[in-house]
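Asks: Starting from the known structure of chain W, arrange chain H on it as the hints suggest.
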Amino acid sequence: MSIQASSIYWEINGKKILNNVSLEIKNGEVVSIIGPNGAGKSSFLNVLSGDIKPTSGNITFDDVNLKEITIQERSFMRSVMSQSQQIVYDFSVKEIIEMGWLDRGIASYSEDFKDAVVNVAQECSVSDLLDQKFNTLSGGEQRRVHFARTLIQLWRPSDSKDPRYMFLDEPTANLDILHEQNLMKLVKEKAREGIGVLLILHDLNLAAKYSDKLFLFKEGSLIKSGSPEEVLERDILSYVYGLTMRVERDPLRVNYY
Amino acid sequence: MRVKPLVKNLLRFTNSSQIYLLGVLLIAFLLAFLASISLGSFNFSVFELFNSSKTSLHTTVLYEIRIPRVILAAFVGASLGLSGASLQGLFRNPLADPGLIGVSAGAALGASIIIVLGSSLFPGFIFGAFILPMAAICGAALVISLLYVFTRGFGYQGITYMLLVGIAVNAFASVGIGILTYISTDSELRGLTFWTMGSFGGASWYLILPAIVVISLSMFWMIPSSRKLDLLQLGEPEAYRLGVDVKKLKYKVIISSAITVGVSVSLSGMIGFVGLVVPHLVRLLGGVNHSYLLPGSALLGAGLMMSADLLSRILVQPAELPVGLITSAIGAPFFLWLIFRIRKI
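If you read the protein sequences in the order shown, they are chains W and H. For the first sequence, counting from 1, position 155 maps to 155 in our numbering; every step adds exactly one. For the second sequence, counting from 1, position 205 maps to 205 in our numbering; every step adds exactly one.
Keep in mind that the hints were calculated from the coordinates and are not lab data. We put the beta carbon where it would ideally sit given N, CA and C, even for glycine.
Each pair of labels, with its calculated beta carbon distance range: (1) H:L209 x W:T136: 42 to 50 angstroms; (2) H:W221 x W:S2: 38 to 46 angstroms; (3) W:E248 x H:K247: 46 to 54 angstroms.
Next up, chain W with everything else stripped away, as it sits in the complex (with noise of 0.2 angstroms):
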């Protein structure tokens, strides 16, 4: 089970976005993107979550053409975490987490509503937050409650075997060391459940410790993919980012100040 995106080019105006870009994303794996900004990262994202249609490429989700895939079915098979919008009104924190709970018409589902939340709540280390008002938080508090919006949208009885994807777009973005780490621990056991999740980060040693797999963007095209060791290479970054990096190995780690 897995997403293939294949031969995907995206132009607005003229203007190439996207170019030529094809990879895959398995159940149970975590895969990164990086690579400099403007180098279309975001774009992808959205292409892959179907917001955006590419100008040409074909993206499946388990061999299903994403065309043929109902908005409401895409929102049962995968979650999208990115950077959020100013809520206007006073949402409570768990009405913001209950959001993500899609109506699914399934009884077994709605039973278990209460348990989930509460759950997901205390893995996302937001279960005192609960109560309050989602506008009163800090950036990293709200970054929190939207990682845990996006968990419960994929929510599952524990018997169950439906394929999930999880895109997040910076995840760690105003998160202290101790939340990223934590973030990052759960995403990864996320995807020992099952889960295969799509991660665009800028921290190259994050990347580096966290994701099975990495994909180097530039200018739109994807310049190398494959495991932190193969990616993460002195030349091959240097080239990306204009800027002159160091690369130790055991541990993998990347320096460039």
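Replies: Below, chain H alone, put in the same frame as chain W:
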């Protein structure tokens, strides 16, 4: 068959204190209804309503004048409250109001044309009484079509453009109404002025029954979308990723608001601020989720409108004030307070 899961689904995201509050609003609504039908230039005790010993004059006043008027006020209030709440949800803007996107203005222009030019355009037309509402609905529908055409290509940014189109439509309509005011005769001017200030005075069963049907249908079409409006608060892309067909939701809110507002404006004139004030009060009372906000706004809108109409009838007896004056007198300071409150955030 479909109603049960629907109600269950609505209630799932409404907490117990909100359900209790909706009950309180319902009781307030019923009290306002009873007060409105018993008080006025003719007083009836509630007991009298169930008693057959009434004079025919009383019966006529009650059943032919008072009750249709009160029911019309309730429906108009519910329309304005509900469409205000849904538009504020759609635009994610606490200042959105049926008047804002120009629907009320479009309806008002349509109706004004009939008030001023009607007698020369349709002399002795059989369906004379329906021409005014029809013209208002046409005006509202024209505005919706304009909004549709102008915002079609703007994608996720469409909502901002829609507000701007609304401003343009409002300006255009006030020019139209201005010209009509200028060319009208004295008696037409009087009708026009009174109608722009809003009144439930002209209510009769003949006029309000179709309006009740249309408004009710439109409400029952809108309220089940409350969960989708909640999700929309995360932003349009997020709502889409949670399975909401954002475009469809957008048109649903706009069309249902336009129908309810168009019908309301045609029967009672422009009644300002209800669509703005009511949803805010409901939010302050019990929360911001739309499964509570939409029915709450409809109930409170109806209750407040009946009370405002009651005030307009009893304040300067035996004359009466235009109800729009009363709602604006309450609404305008509230609007200012709201602006200051938003600036603080």
